[in-house]
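Novice: The primary structure of each chain is shown beneath.
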Amino acid sequence: MTSVDRTSVATTAAGSDIPRPPRRRRSAGGWLLIALPYAWLIVFFLAPFFIVFKISLSEIAVAIPPYLPTIDLAEGWSNVVDAVGAFSLENYIWLTQDDLYWKSYLSSVKIAATSTLITLIIGYPIAYGMARAPREWRATLLMLVILPFWTSFLIRVYAWIGILKNEGLLNQALLWIGVIDQPLTILNTNIAVYIGIVYSYLPFLVLPLYANLEKLDISLLEAAGDLGCPPWRTFWTITVPLSMPGIIAGCFLVFIPAVGEFVIPDLLGGSDTLMIGKTLWTEFFTNRDWPVSSAVAVILLLILVVPIVLFQNQQQKAMEKSQ
Amino acid sequence: MRKGASWFNVTSLVLGFAFLYLPIVLLVIYSFNESRLVTVWGGFSTKWYVELLSNQQLLDAAWVTVRVAFFSATLATALGTLAAIVLARSGRFVGRTLFSGMVYAPLVMPEVILGLSLLLLFVAVDQARGFWTIMIAHTTFAMCYVAVVVQSRLAGFDRALEEAAQDLGCPPLRTFFSVTLPIILPGVIAGWMLAFTLSLDDLVIASFTTGPEATTLPMKIYSQVRLGVTPEINAVCTILVGLVTVIVVTASIVTKRQEVLKERDMRQAEAQA
Amino acid sequence: MAKKPIGPIRRDFAPWDDPQARPYIEFRNVTKKFGDFTAVDNLSLKIHEREFFALLGGSGCGKTTMMRMLAGFETPNAGEIFLDGQNLAGVPPHRRPVNMMFQSYALFPHMSVEANVAFGLKQEGMPRAEIAGRVEEMLSLVKLQDFAKRKPHQLSGGQRQRVALARSLAKKPKVLLLDEPLGALDRKLREETQFELTDLQQDLGMTFVIVTHDQEEAMTMADRIAVMDKGRIVQIATPSEIYEVPNSRFVADFIGDINLMECKVVARNGEMTKLHAPLFDCAIEVAQSVEAGIGETVWFAIRPEKVRISFDEPEGPANRLTGEVWDIGYLGDVSIYHTHIAEEETVRATVANRSRVVERPMSWEDKVWLSWDRDAGVVLTR
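Sequences listed follow chains A, B and C, in order.
Each residue of the first sequence is one higher than the one before, counting from 1 in my numbering.
Each residue of the second sequence is one higher than the one before, counting from 1 in my numbering.
Each residue of the third sequence is one higher than the one before, counting from 1 in my numbering.
Isolated chain A, as found in the complex (with noise of 0.2 Å):
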């Protein structure tokens, strides 16, 4: 099963394990072969982030594209070196000015923090029992956590729609039961966000646990069962502390994502959600303000690559160590 899915992403990024093949010599095909995907990923991928910066140097204009200055290198080289003297960085002063901003990057990162706490409260229990489940259903479990995966994710956010809503069906049947007599209010606040986190990045929390736990050696818990260790302080001193890294790895597959996220918040949240993803986009679409936010968008990128780093870090060091 784990050929076919989306999630051996996850778990492959968690436990990364291709050692380093020695330098060798190599022949044009070799260099070709590196060259393709590398020119398209820094033309694709790379270029496009200095241009975003370069844009959020600039000016808002009524023009198209909306923004000055624009550089045209058909113009000759004085026209760049105008096109930078006018670079400011009054965008970024902007962005400290109004408070929208810092309160959005603030209420991102706390948003994203909590639902990845909550997410591994609920994901550990869950990637546990995989792991300790009888051998021949592990298969059947891992695919019933991928599938999810590969059903759109705004398919699945907005499957909370119809049961968050104050008339939606978790209200209905909480009626029903009788716990409340008036509908609660979830959906449009923040509430309704932290499930939609939850919900939609479950799955990356739980496969690299998974795939942890499942390496663990049962005979380290019976050893210290043998040893008069309780189950439970067994599962505090060994169990958690050996699946350290594949709850690490899964808490910043949760966070980092879900601090840029844009969909949930907008179809979940209120319009007293602040999240960054979502500044961005209305930024750009409904206020046509290129400039902003490309600032915006370098701000995230600087935020998150603290993050990014850490887990790259952390990938490294599981590496070498399964080595």
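Don't read these hints as lab results, they were simulated from the structure.
Careful: at least some of the hints might be erroneous.
[Claimed, not checked] Ranges between beta-carbon positions, derived for each pair:
(1) B:Val10 with A:Cys229: 18 to 28 Å
(2) A:Trp94 with B:Ser6: 48 to 58 Å
(3) C:Pro109 with B:Val66: 53 to 63 Å
(4) A:Thr185 with B:Val94: 29 to 39 Å
(5) B:Gly43 with A:Lys317: 56 to 66 Å
Predicted model, so just to flag it, every value in this text is computed and none were measured.
Ideal Cβ positions, reconstructed from N, Cα and C, are used throughout, including at glycine.
Start from chain A and add chains B and C according to the hints.
Specialist: Chains B and C only, in chain A's frame:
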């Protein structure tokens, strides 16, 4: 491994999977609702599916989406497989760190950033936006997923197989096509399927990189969803979910069956010896 | 005239003793480094045509690297490798006239047995009909004619090993390289296959180079063995020479079981050397001339099966020890007696269990005598 899972494990699994599946199941059920009020059950009906077929806009969007997904998945698979081979095989080379960074970063990069940056690139080179720009954008982020999937397949690959081919007189390029590719093919196919569904699903990147004449299905769904839950959308979603489920479950059953057969063969061979 | 070591000898085949003989494979001052690690250290080696040559050593000794350099998968940092007079530098693996049998067998999982064996022949563009003939010939050579259509996973370990062998022999290479060829087989199958491989090599008249960590494998099959350690060759000799006349404590200890006693040279008299082992308080006479002066430290090495053990005091003033039986290892065919000498030291003696009953069995803490002949042990200077 202790047989017979504990009540705690069973409970957490049941609750966990209920959480994962209940929303989708409800969505599917309510797509067969007679009533237009999506939360009130008005009896079984397939009328929303019939209505879909006459919704030309939706069908057009679906066709655009499938074409984008097909082309971008194919291109992403080619590039991603190359990238995986480079990462797994090329040893150290100048810029390796940058390269592996560029391969892994899009996996966690927020889509708004990817979408915005690609759009600004297309604007900067004055490229008209539409079908092809979405395709390029989807290729870029899907190739990274393909690379990771194929790389995991390559990780379990016995290098001695390639060496054996060369030892028997097979030049490197031919070795790739006659030995390496057939063996990693399941990974490559899985990568293609992943790239295809990623492209099929994507709303954010497509919204940034599209032009006036190309609207994808997720964009269409999104614009309708913003207006509220409708049974038509439930029906579209059900079709998509059903399609993906059938493909994924079939693929995994086929793989599983092959594994079982292979295991049986191996046992027989050892028993005969 | 010194006696020759016992052991099988291929009559009339000892090209390594002939200074005029042209080596078939030659390593000239080859060095290979992986980062800071020197896998092969300035090593020179000559292998002759039709020889069955074994590279023997523990893991990390450089033996596999030697083989991989010969096959072309590694490039030496310094030095040259010649095959049949041709310098192999710059020749890629697919153009080298050597074939290799891989430790993992490396059978292509997506091809049938037939297609695996035919693979190499197809690469050299052999006509289809000829390929079919050769494949059949090879499969009958390894007795797998009935398995041609099977896939590798439908074969047992032993059968896979034979397919790998057939595949590497199909192109009739000048040299066949075998990387731990029997490592994955169980003991019984391994013993059978050892003899089959030797016969095959004799019949085909091919040069075989085998890499192994298993001394028994090397001893049974090879004409000559190179014992390697830390990227260097410690000794190259025939199996019996390696066993009976090791040139160092490393080789003596690596191959088989041995008792080592640190000694001082007491007297030298032509072919006779007298030693004294202080820790054992033992006088030793050896029928061997030694390159060491009086008073220098040397080591006396004697195999356990060449030590006699008895209740009766042996004759003569030298080559005898007395002690207490400390441990007895009963292995069925032989028993190993660990005898404590002077409280601290242990000497092992192996006794073949020739009859099922003995009048007076040896037991723990029995007082016994150990003794040996003058030509039973060797003196090692390093």
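Novice: State for each hint whether it applies.
Specialist: Consistency of the hints with the structure:
{"no.": "1", "hint": "B:Val10 with A:Cys229: 18 to 28 Å", "verdict": "holds (24 Å)"}
{"no.": "2", "hint": "A:Trp94 with B:Ser6: 48 to 58 Å", "verdict": "holds (57 Å)"}
{"no.": "3", "hint": "C:Pro109 with B:Val66: 53 to 63 Å", "verdict": "violated (34 Å)"}
{"no.": "4", "hint": "A:Thr185 with B:Val94: 29 to 39 Å", "verdict": "violated (57 Å)"}
{"no.": "5", "hint": "B:Gly43 with A:Lys317: 56 to 66 Å", "verdict": "holds (58 Å)"}
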